[in-house]
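Chain residues, written in single-letter form:
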Amino acid sequence: MSKNQAFDRRAFLKTAAAVAGVASLPNFAFAQGAKIRIGMMLPYTGTYAQLGVAITNGFKLAVAESGGKLGGREIEYFTVDDESDPSKATDNANKLVTRDKVDVLIGTVHSGVEMGIVKVVRESGTLHINPNAGAGAATGALCAPNIFRTSFTNWQPAYPMGKVLADRGIKKVVTLTWKYGAGEEAIEGFKEGFTKAGGTVVKELYLPFPSVEFQPLLTEIASIKPDAVFVFFAGGGGIKLIKDWKAAGLKGKIGLFGSGFLTDGILEALGDEAEGIETTLHYGDGIETPKNKTFRLNYAKTYKLQPDVYAVQGYDAGLLLAAGLKAVKGDMSKKKELYAAMENVKIDSPRGAWTMSKAHNPIQDIYLRKVVGKENKVTGVAHKALSDPARGCKMG
Amino acid sequence: MRLLRPAGAVLLICLVALAVLPWFAEKYYVQLFTKIMIMAIFAMSLDLLVGFTGLVSLGHAAYFGLAGYVLAFAAPQYEAANLWLSLALAMACSGLLALAIGVLVLRTSGIYFIMVTLAFAQMVFFVFHDTKIAGGADGIYVYVKPVAAIAGWEPFTLENYTHFYFVVLALLALVYAALRVLLASPFGRVIAGIRVNEQRMRSLGFRTFRYKLVCFVLAGVLAGMAGYFAAAQFGFVSPETLGWHQSGKVLMMVILGGMGTLTGAVLGAFAMMLLELGLQGLPDFGGMEVAKHWQLLLGVFIVFAVLLLPHGLLGLGRLASRLRRKPAEAAE
Amino acid sequence: MDANTFLIQVLNGIQYGLLLFLVASGLTLILGIMGIINLAHGTFYMVGAYLAFSLSQYFGSLWLAMAGGVVIAVAIGLALEWLLISRLYHRDHLYQVLLTYGLILIFEELRSVVFGDDVHGVAVPEALRASIPLTETLSYPVYRLWMSAVCLALAAGMYLLIQKTRLGMTIRAGSANREMVQSLGININLLYRLVFALGVALAAFAGMIAAPVASVFPGMGNQVLIVCFVVVVIGGIGSVKGAMLAAILIGLVDTFGSVLTFRIGGVQLLPELSGMMIYLLMAAVLLARPEGLFGRRG
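Chains as they are written, first to last, in the numbering used here: chain A, 1 to 396; chain G, 1001 to 1332; chain F, 2001 to 2298.
These are calculated hints, taken from the structure and not from any lab test. Hints may be right or wrong, so weigh each one.
Distance ranges between label pairs, derived from CB positions [what the hints assert, rightly or not]: (1) A/Ser211 x G/Ala1151: 24 to 34 angstroms; (2) F/Leu2160 x G/Val1103: 14 to 24 angstroms; (3) F/Asn2189 x G/Gly1110: 19 to 29 angstroms; (4) F/Gln2163 x A/Lys172: 50 to 60 angstroms; (5) A/Glu375 x G/Val1103: 56 to 66 angstroms; (6) F/Leu2110 x G/Leu1275: 51 to 61 angstroms; (7) G/Leu1275 x F/Asn2189: 32 to 42 angstroms; (8) A/Thr195 x F/Gln2163: 57 to 67 angstroms; (9) F/Gln2057 x A/Glu275: 15 to 25 angstroms; (10) G/Phe1304 x F/Ala2130: 48 to 58 angstroms; (11) F/Phe2059 x A/Ala300: 55 to 65 angstroms; (12) A/Lys394 x F/Ala2130: 39 to 49 angstroms.
Simulated pairs of lysine-lysine, BS3-like, Cα-Cα distance not exceeding 30 angstroms [stated by the list, open to error]: (13) A/Lys69 x A/Lys101; (14) A/Lys377 x A/Lys293; (15) A/Lys358 x G/Lys1292; (16) A/Lys196 x G/Lys1292.
All residues carry an ideal CB built from backbone N, CA and C; glycine is no exception.
Just need the whole structure built from these sequences, with the hints factored in.
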């Protein structure tokens, strides 16, 4: 009996001693010459792993182009894989903010996780740059001086499609998406734009996330016979919808339109089912500006991959931070000046130049794109310099 | 009858170690251990069901997550809720949900029971994920931590992370003691009897359904306590806290630590969470990012634990002593 | 909704249900005959889908991919049973749950290491690419009709195997009384190994034939697993008949739940709560018959 107790006690005491030892490591004073601690909280495993990698690549490319330093200071990275799991979001954010004491937190992809990060950084005051998650609240009801976004709000890419369709004489539209924040906010955006331009959304269809059983809803759409259908899906859901759409014979009979994420990153997995589908997004293939061409070349050379909208967003996050730190010459304690610099920035981005709104979200051009072959070819600008209305934001 | 019962002395040492931790550890580690202790309470509540009553619930997180949501609702926006009132409310709601689900699922047993508890928890998940009741998939905030005021007097403040730590530690000790007392009582004997042979208990005249239901509800209430503090710690509740992955995690803790001992549940919680942390911090090996695939290592660890440790981690001691005895016997 | 649409929705529901049946049948067999609760069942579905993806690229044909995939799935099933599952027969369900949960983690990560985390599509075979026009706007893909036919054929095959063959009789006897069958000189270990391999193969095959109409992505097994559990609970453990009926029921409930609208006093219940419908169905069945529609009592 005593042997078992001894084992139990010893094991626990060993663990406790180890933890106490690690915990008592000296705190380093953060002098100005010290490295900037950048926390990267992104998904590196699971469905969104590719996006996490693309964003990281883009960010590091921007840093490399800045000479490997920001504001004259070197950089130390702290990485956390958030697994796109909202239940661990605050834990993971806390790891970076409290344990690793990062100066900036870059993240994330999934909106649920982003809400966890926003909670933590609003309390800690840590500078936070969001290179993807489109939850409106992050630069809306929960906006804060230390929170910036370089991507989009779910509302933004969807809103312009409303006017585009109305201008073509389309009157009745059915919408379809998953029942989650991103889908609902996108549909809201589209609806706002469409009804403002004179159209009517006759029915809003929803599917529980992440179900991809579209058949009953496609049957329903066929019986309603709208002029067009607007959807929000991404990744695997997008592939299935496009395939099912064609197999149900709806392709060519009823127009299928969507927010750009429907066709982004998935064209490799499709044959010709997606040909001709038009979407709106703040990036696309064939933007013939020198900046975009150089960016794509450098990215491909460095990472042996083609960049996508996520890489651009990560890259812009790097540009944003670089501009801010340059203005304060690397002194992050000058928060007011830092935030002001970041607010007044004009980013020369591969997607086109954009500025920061008062709520800290990009004011950017939204492109109209069409699927041609394996590309989302930009066919025009659906809306110039669109700003998210940032409902509920009390800043500026 | 468990053969392995750590003496009171060992438990006392552990308690003291935990009590003095905040003086030695940084903020992050105090918060980490707070989180682990919350999970330990959660694990103990499940151990009551799994280890002591023999009811394998794969949907226990429903009660854990619900309490967090209740706190979020009870807290008026941008203001603090009263700790005592909101905690009681949260635990009561979890208990009610456990009652509603328990009445249905306890009609089944064995494999069915496992599956229906999972399915019902999924249902609760869908309610919070798909509807606008509570922020949907993106979750909901508890803006300000609850205030522990009784008629104006505040014995402690949860905003202070050290206070928060001690409150949870006190609750951990309290729940442990209370469960020990309960399980040693006549009620506890009946429960043990039901786990071993329900038919026999029924033939002895016990209304086993009622006893099982009481346990189910009690386990739900305690899970609610854990869930309340989990939500209060960082102020963010999302549907995943109700999900089956959370249920699976806590079940693993209970089994891994050694079911039916309460101490095992606590040990399992510490072991799983520290193991996860440790695996995620592993350095690269042979060019491969080991830490990235930590779940693979965890999975392998679990498989080996099941095959080699029939009584969980607490059984390690027994295994060690058995191995030590063999050479001694051979020498004779 | 008009009569045409209603009929088509019924067809949709049945077709979805048949695919569910295919996946769930393996689970109910393993549960009913071996008493093993296998949380990794959804993972085998995923494995099947990924096999279909990679092998169809390798062979250039989905048919060969399926053939090869089934062989691999059977091999995996045999190996798993021999190495791991066989050690769980005498142990609590709890340890089966824990071990198979560990298997989920292992398989998911192996999939990530071997195949990466991308989302993939699998092309429908040439022969089945057509669509049959049903109304002026809607056509029905031939491939889905073929899938339903395959599911029905397999269901019939399983029924024949279990009810009408000696092997089936032995399996049924073994599930009722393992020791007795063993004392009769029948190699029960080999039998169980075969049943487990069959269950795994069924799940993997379901993943393979569903791959062209679903997409192949990480975590695709999770949702399937839970719905399978609901099918088995409603149908009754070990009953292939029950699984079929339950699967069709669930297919119909899920289908109509997502398109109907239903309010009570200003509260929109459908389609808001369509995700919950199948669990409500399960609750209803549990209230009436706790052992499922065709399950054995006790």
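What hint numbers does the structure not satisfy? Violated hints (numbers, rising): 1, 2, 6, 11, 12, 15 and 16; every other hint is consistent with the structure.
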